[in-house]
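> Quick mapping for you: the protein sequence lines, in order, are chains A and B. The first sequence begins at 0 in numbering that gives the first Met the number 0 and counts up one residue at a time. The second sequence begins at 0 in numbering that gives the first Met the number 0 and counts up one residue at a time.
Please note that a few of the clues may not be correct.
[Claimed, not checked] Under the rule of at most 25 Å between Cα atoms (straight-line distance), these lysine to aspartate or glutamate pairs were calculated in the DMTMM-like manner: (1) A:Lys116 <-> B:Asp15; (2) A:Lys116 <-> B:Glu32; (3) A:Lys4 <-> B:Glu45; (4) A:Lys139 <-> A:Glu26; (5) A:Lys41 <-> B:Glu45.
No lab work stands behind these hints: they were computed from the structure.
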Amino acid sequence: MSLMKRISLIFRSKANKALDRAEDPRETLDYSYQRQLDLLSKVRRGVADVATSRKRVELQVNQLEQQSAKLSDQAQKAISMGREDLAREALTRKSGLTSQINDLRAQHTQLQGEEEKLTLAQQRLQAKVESFRTRKETIKATYTAAEAQTRINEAMSGIGEEMGDVGMAIQRAEDKTAQMQARAGAIDELIASGALEDVSAPQGGDDIARELDSMSSQADVEAELARLKTGAQPQAIESAEDDGDILEAEPERNTTEGGSPA
Amino acid sequence: MIIRILGEGQYDVSEDALPRLNDLDSAVESAVERGDEVAFATALAELLGGVRSAGMPHDAESLDESDLILPPADATLEEVRELLSDEGLIPG
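With the hints as extra help, turn the sequences into a complete structure.
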């Protein structure tokens with residue numbers, strides 16, 4: 000027998016087995032409907048969970064990107080100070096971060112895919128639950144035992160298959176996000192502890208980092224000073240020359256650019 | 000006939016498309032039997048692609064049972080084995 004047929008038969012028999020049937024067929028309908036609503040809210044939670052994981056990964060990518068930009072900056076400064084060794088160190092760390100970032104991006108894409116799939120599953124189940132409800136009410140209203148049973152069976156097996164499918168989709172999404180969350184948790188811890196800066200410098204780059212830090216804060220001070228010196232005069236003259244509105248044009252702000260004391 | 004791709008929904012597929020889909024199905028089946036992951040992934044993608052291109056999405060509100068049910072697009076060979084066994088995959 001073909002693979003398709005075997006899977007179909009097995010899947011269907013499992014789905015049907017999962018539907019408990021009560022003595023009174025009408026109770027079966029209500030009971031099944033209740034299970035459908037439960038499943039529906041489970042899918043909604045599933046969608047929300049995956050979205051939370053996705054946002055967490057987004058946040059981590061942002062943090063790592065900031066870190067990476069900072070390292071680029073430090074490398075630049077180190078070069079301009081003639082410290083090639085420090086620049087190399089910074090760039091090495093940066094490349095370690097880059098592979099982490101790419102990894103997280105791949106996870107992000109995967110989570111996005113899961114989220115879309117579950118959202119669609121939710122919509123499909125929603126539509127079917129809705130028509131099951133209508134069908135259920137009709138069957139109950141016109142209930143005569145003989146005709147009802149077949150119509151109940153039809154409605155039940157159709158929804159049973161959908162429920163089996165959606166139940167499986169949730170299960171798979173949960174498994175996948177659980178794996179990713181474990182890794183995301185590890186990265187969060189690394190970010191929180193500050194250890195991530197050393198991820199690619201296992202031989203303990205602490206001294207170098209400190210030196211780099213102190214040098215770059217010195218450099219910051221120098222750059223700030225330079226900016227203050229050059230920014231002090233010319234601005235006002237240029238804007239005054241623009242056109243005739245001299246009287247109006249100068250609501251003079253006395254704050255020099257970049258003058259904050261930090 | 001109605002074919003369900005798990006995790007994706009139901010498609011109406013005309014009988015004309017069946018011989019070709021059966022060929023694709025055999026390729027998946029033999030890959031599963033050989034335990035050949037690579038061939039399995041390719042064959043499954045072709046089979047599902049065949050269903051999608053030959054079929055139209057089935058009315059979302061219908062409560063019809065599918066004639067055939069296929070594994071999800073990202074299923075692993077192991078998962079398909081589980082689908083074919085008595086335990087697992089469909090939570091009771």
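> Run every hint past the structure and note whether it holds.
Comparing the hints with the structure gives:
no. : hint                 : verdict
1   : A:Lys116 <-> B:Asp15 : violated, 29 Å
2   : A:Lys116 <-> B:Glu32 : violated, 29 Å
3   : A:Lys4 <-> B:Glu45   : holds, 17 Å
4   : A:Lys139 <-> A:Glu26 : holds, 10 Å
5   : A:Lys41 <-> B:Glu45  : violated, 32 Å
The structure does not agree with the numbered hints 1, 2 and 5 stated previously, though it agrees with the rest.
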